[in-house]
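Novice: Here the protein sequences line up with chains A and B, keeping their order.
Residue numbering for the first sequence is 1 to 251, as defined by the working numbering.
Residue numbering for the second sequence is 1 to 311, as defined by the working numbering.
The set of hints was computed from the structure by calculation and includes no laboratory data.
Ranges between beta-carbon positions, derived for each pair: (1) A:230 with B:57: 37 to 45 Å; (2) B:217 with A:110: 52 to 60 Å; (3) B:66 with A:199: 45 to 53 Å; (4) A:230 with B:66: 27 to 35 Å; (5) A:30 with B:129: 23 to 31 Å; (6) B:14 with A:60: 48 to 56 Å.
Calculated Cβ distances over 10 Å to all of chain B for the following chain A residues: (7) 24; (8) 189; (9) 205.
Positions of the beta carbon are idealized from the N, C-alpha and C atoms, including for glycine.
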Amino acid sequence: MRKFYTLLSREVRGYFYSPIGYIVLIFFLIVSGIDFYFQVSFMNQRQVQYTVQEAFFNSVFFWFAFVLIFPLITMRLFAEEFKLGTIEPLTTVPVRDWQVVLSKFFGALVFYLILWIPTLLYFWIFLKITNQPAANSAGAYFGSYLMLFLLGMFYVSIGCFTSVLTKNQIIAAVISFCAITLLFFLGLVQFVLLDVTTTTRDLLGYFSAIEHMGTFSRGVIDTRPIVLYVSMTLVMLTLTYHAFQSRKWRL
Amino acid sequence: MIKVENLTKRYAGQPAIRDLNFEVSQGEIMGFLGPNGAGKTTTMRILAGFMPPTSGRATVAGFDVFKQSLQARAHLGYMPENVPLYSDMRVTEYLNYRAALKGVQHRRIAERVGDVKELCGLREVEKKLIGTLSKGYRQRVGLADALLAEPDLLILDEPTIGLDPNQIRQVRELIKNLGRHHTILLSTHILPEVEMTCGRVIIIHKGRIEACDTPDNLLGKIRQAGGVLLEAKVGKDNAAEELKKISGVRDVVTDGDDDWKRLSLRVESGVDVREEVFRLATDRHWVLRELTQRRATLEDVFVELTHPDLV
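Take the sequences, apply the hints, and build the full model.
Specialist: Shown next as structure tokens:
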């Protein structure tokens with residue numbers, strides 16, 4: 001456990017050693033700031049049926065930033081170690097492969113969660129200035145952030161997997177970007193296809209991150225997406241683990 | 001400490017090492033020699049648990065390097081070739097991190113890191129980013145890293161490559177001192193280094209062990225065990241023919257166009273022909289200005305075993 005913690009702390013600190021961490025942080029702050037500003041000023045101009053908090057987590061800006069950050073966060077995880085050769089000292093000390101894989105996964109996840117901390121401030125500032133809560137209930141906040149966590153977990157695990165496949169960070173980033181975008185659009189297909197049965201529509205809807213976020217940000221905690229994302233994360237991490245081990249017979 | 005049996009590794013069907021068998025006992029400094037691509041790094045990587053062999057087995061401190069990899073790894077300190085390091089960490093920070101990974105007890109980390117920094121002369125760069133260090137210092141960080149957990153066995157892949165002569169001398173001294181408490185397997189291209197530090201030497205060529213013995217025995221075994229160099233004014237005599245008649249002389253090569261001829265004599269091992277050469281010279285009234293016994297070096301052994309055409 002101590003070794004895992006040592007690895008994890010290096011992974012998290014690694015983001016702040018290199019410019020990439022700060023660039024992602026700044027990019028994300030700008031986009032989420034603009035998102036928040038737009039939603040509030042939009043709602044100032046007309047009557048709407050949703051809350052600021054719902055609008056913030058369901059806008060185009062949000063999804064744009066969302067699918068883009070994962071490749072940036074995860075591309076270096078394994079690819080950089082392979083490229084620099086630091087994988088050799090790392091795997092010749094007495095640590096287990098799963099400790100390495102999990103530390104990288106949780107390292108990226110922790111950094112991802114750090115990205116969201118400032119957004120809590122937005123809602124607090126909104127409350128202070130307007131004297132109105134940004135959401136209808138505490139459950140809506142909880143639901144949104146829970147969904148952020150679940151989606152983040154799944155997408156980070158996809159990024160982990162693509163990074164372990166190559167020693168080129170760009171390739172890792174492109175593959176994970178494609179995979180995440182495809183998954184994201186899979187949920188939109190139901191709106192495009194007209195002559196499909198309700199079953200197909202439901203099935204596709206089951207993968208729709210937009211729909212899940214819509215539900216959770218209203219404060220409705222649905223267990224189906226929770227099962228989906230947790231199990232898919234486990235699948236991706238298992239794949240990552242085996243791909244990481246494959247270096248032993250592939251070399 | 002190390003036991004290697006029929007170790008074979010193939011890359012995409014191409015054998016990198018074939019049927020290696022050797023043992024390194026406790027407290028020994030074993031030199032690992034061979035031309036580039038002979039399979040030194042492959043062997044060391046297998047021993048360090050970085051990759052499994054295709055067939056055969058190897059044990060470190062009694063643990064199979066593949067099946068009981070974790071226990072085996074806990075007994076060794078490995079310094080990979082070219083020393084890959086995280087360039088964005090500072091020296092002390094990196095060593096602390098590595099010590100924790102190697103399972104050094106928390107309260108002993110500061111002490112161990114201090115010790116290895118002292119030993120490897122890293123005090124003056126301890127706060128620097130590894131990325132800004134010179135090759136020599138990076139090499140020392142790698143060596144310090146290998147020593148952190150006080151391992152029984154050190155596997156050093158070319159520890160002196162890229163160092164200047166002073167640094168090479170320092171590292172050599174360091175390795176010699178380490179040899180008192182550790183078992184060491186080190187690979188290198190610098191042959192005098194091996195002669196000075198290693199108790200035994202393995203010469204590996206095209207994935208096979210060509211020789212495994214003490215440096216002295218290796219020198220005794222080779223065909224061309226040194227020779228005698230003679231520089232003399234021989235007049236019209238065919239000096240080469242005359243010299244070949246001396247027993248023990250195998251071959252003479254003549255060099256030089258003017259009056260002074262340089263003659264290199266190849267001599268059988270263990271024979272000193274200088275006295276006879278001197279007698280011959282006085283008989284024939286040759287003028288001598290040099291008569292030197294040339295000792296065979298490990299370099300001769302190395303060349304003879306790995307590239308016989310050059311002998």
